[in-house]
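Read off the chains here:
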Amino acid sequence: MRLIADLFLLTGAMFIFLGALGLIRMPDVYNRIQAGTKAVTLGAMGILTGIGFMYPQWWYKLVVIMGFILLTNPVSSSAIARAFYIAGVKRWHSSNDATQKNKNTSEAQEKTALQKETS
Amino acid sequence: MSAELNSVEAGSIEQISEQGSEQLVELINISMPAGSQLHINGLEMLALLFIALATLMALYRLVFGPSNPDRIVSADALTVIATAIICIMAALFQSILYLDVALIYGVLSFAGVLALARAIEHGRTEQSDKGEHS
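If you read the protein sequences in the order shown, they are chains B and S.
All residue numbers for the first sequence refer to the working numbering, where the first residue is 1 and numbers rise by one.
All residue numbers for the second sequence refer to the working numbering, where the first residue is 1 and numbers rise by one.
Watch out, some of these pointers could steer you wrong.
To be verified - Chain S regions said to be covered by chain B (calculated; three or more residues, Cβ under 8 Å):
1. 57-69
2. 73-84
3. 108-121
What the hints assert, rightly or not - No more than 25 Å apart at the CA atoms, straight line, and that leaves these computed lysine to any residue pairs for SDA-like:
4. B:LYS61 / S:GLY112
5. B:LYS61 / B:LEU7
6. B:LYS38 / B:ALA87
7. B:LYS90 / B:LYS61
8. B:LYS38 / B:PRO74
9. B:LYS38 / S:ALA75
10. B:LYS61 / B:LEU3
11. B:LYS38 / S:ARG71
12. B:LYS90 / S:LEU116
13. B:LYS38 / S:THR55
Hints listed in this document are in silico derivations from the structure and should not be mistaken for laboratory results.
Here a beta-carbon is modelled for each residue, glycine too, at the ideal position from N, C-alpha and C.
Use the sequences and the hints to build the structure in full.
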């Protein structure tokens, strides 16, 4: 029983760690909302399940806390994302767009060069 | 000789680390309420280490965030991490009262984050309206 609880605690702590890592490594506010909501919520679920395996007589309060986190955390994160979108926070443009623009400009330059050569 | 030295050094390092963990457990025992003992495992110590690292990284984003929305997002993530940490404190102190604290903290943080989002929405839209009219 203690080993199962420890495994759940460790997986929850790993997911919280990965969520915080995504909070640092992600390039944009919206990507950080995704990482900081989903992974951290799953990690909190794992930790609460581990505590439930460690102390089985506490299950009702743990179920209440789990349900509350599962219901409210996506709502709060979506409210934050909606507020940022309405407030006009700029999205992050990936490097693919930049390379495509460079490709387009290089193609245009080649076309102009070909036209100059032909003319 | 070098192998013996290495083994001796490794043994001393292991002894030092064991002494360090014992001192850490004693230090946590001192800060705990009276009458309860802390029985902590290696895996649980690893889980606590991961949660501490996650809290430090979220606090880094909260303090040195390049813009204010990043700080708000990291605060939203820190509330959930703090709820999980309060539940872990309930398991460490073997007291069910801390679960009530965690539930109330979750309710208040949800209300606070919703109020913050609403404030951002209204404040910025009024500014953008003014900008459009002018």
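Right, here's what the structure says about each hint:
1. Residue count for the segment 57-69 of chain S with a Cβ under 8 Å from a Cβ of chain B: 6. That meets the three needed, and the coverage hint holds.
2. Only when three residues or more bring their CB closer than 8 Å to a CB of chain B does the claim for the segment 73-84 of chain S stand; here the count is 8, and the claim holds.
3. Remark: the segment 108-121 of chain S is confirmed as covered by chain B, as 8 of its residues place a Cβ nearer than 8 Å to a Cβ of that chain, reaching the required three.
4. For the hint pairing LYS61 of chain B with GLY112 of chain S, the CA-to-CA distance comes to about 22 Å; that is within 25 Å, so the pair holds.
5. As the CA atoms of LYS61 of chain B and LEU7 of chain B are separated by approximately 21 Å, the hinted pair is consistent with the 25 Å bound.
6. Note on LYS38 of chain B and ALA87 of chain B: the hinted pairing holds, with a Cα-Cα distance of about 23 Å set against a maximum of 25 Å.
7. About 41 Å separates the Cα atoms of LYS90 of chain B and LYS61 of chain B, which puts this hinted pair outside 25 Å; it is violated.
8. For a cut-off of 25 Å, the pair hint linking LYS38 of chain B to PRO74 of chain B stands: about 8 Å separates their Cα positions.
9. Distance hint between LYS38 of chain B and ALA75 of chain S is fulfilled; the C-alpha atoms sit about 15 Å from each other, no more than 25 Å.
10. With a C-alpha separation of about 22 Å, the suggested pairing of LYS61 of chain B with LEU3 of chain B holds against the 25 Å cut-off.
11. Our distance criterion of 25 Å between C-alpha atoms is met by LYS38 of chain B and ARG71 of chain S, whose separation comes to about 18 Å.
12. At most 25 Å may separate the alpha-carbon atoms for a hinted pair to count; LYS90 of chain B and LEU116 of chain S meet this at roughly 19 Å.
13. With a C-alpha separation of about 16 Å, the suggested pairing of LYS38 of chain B with THR55 of chain S holds against the 25 Å cut-off.
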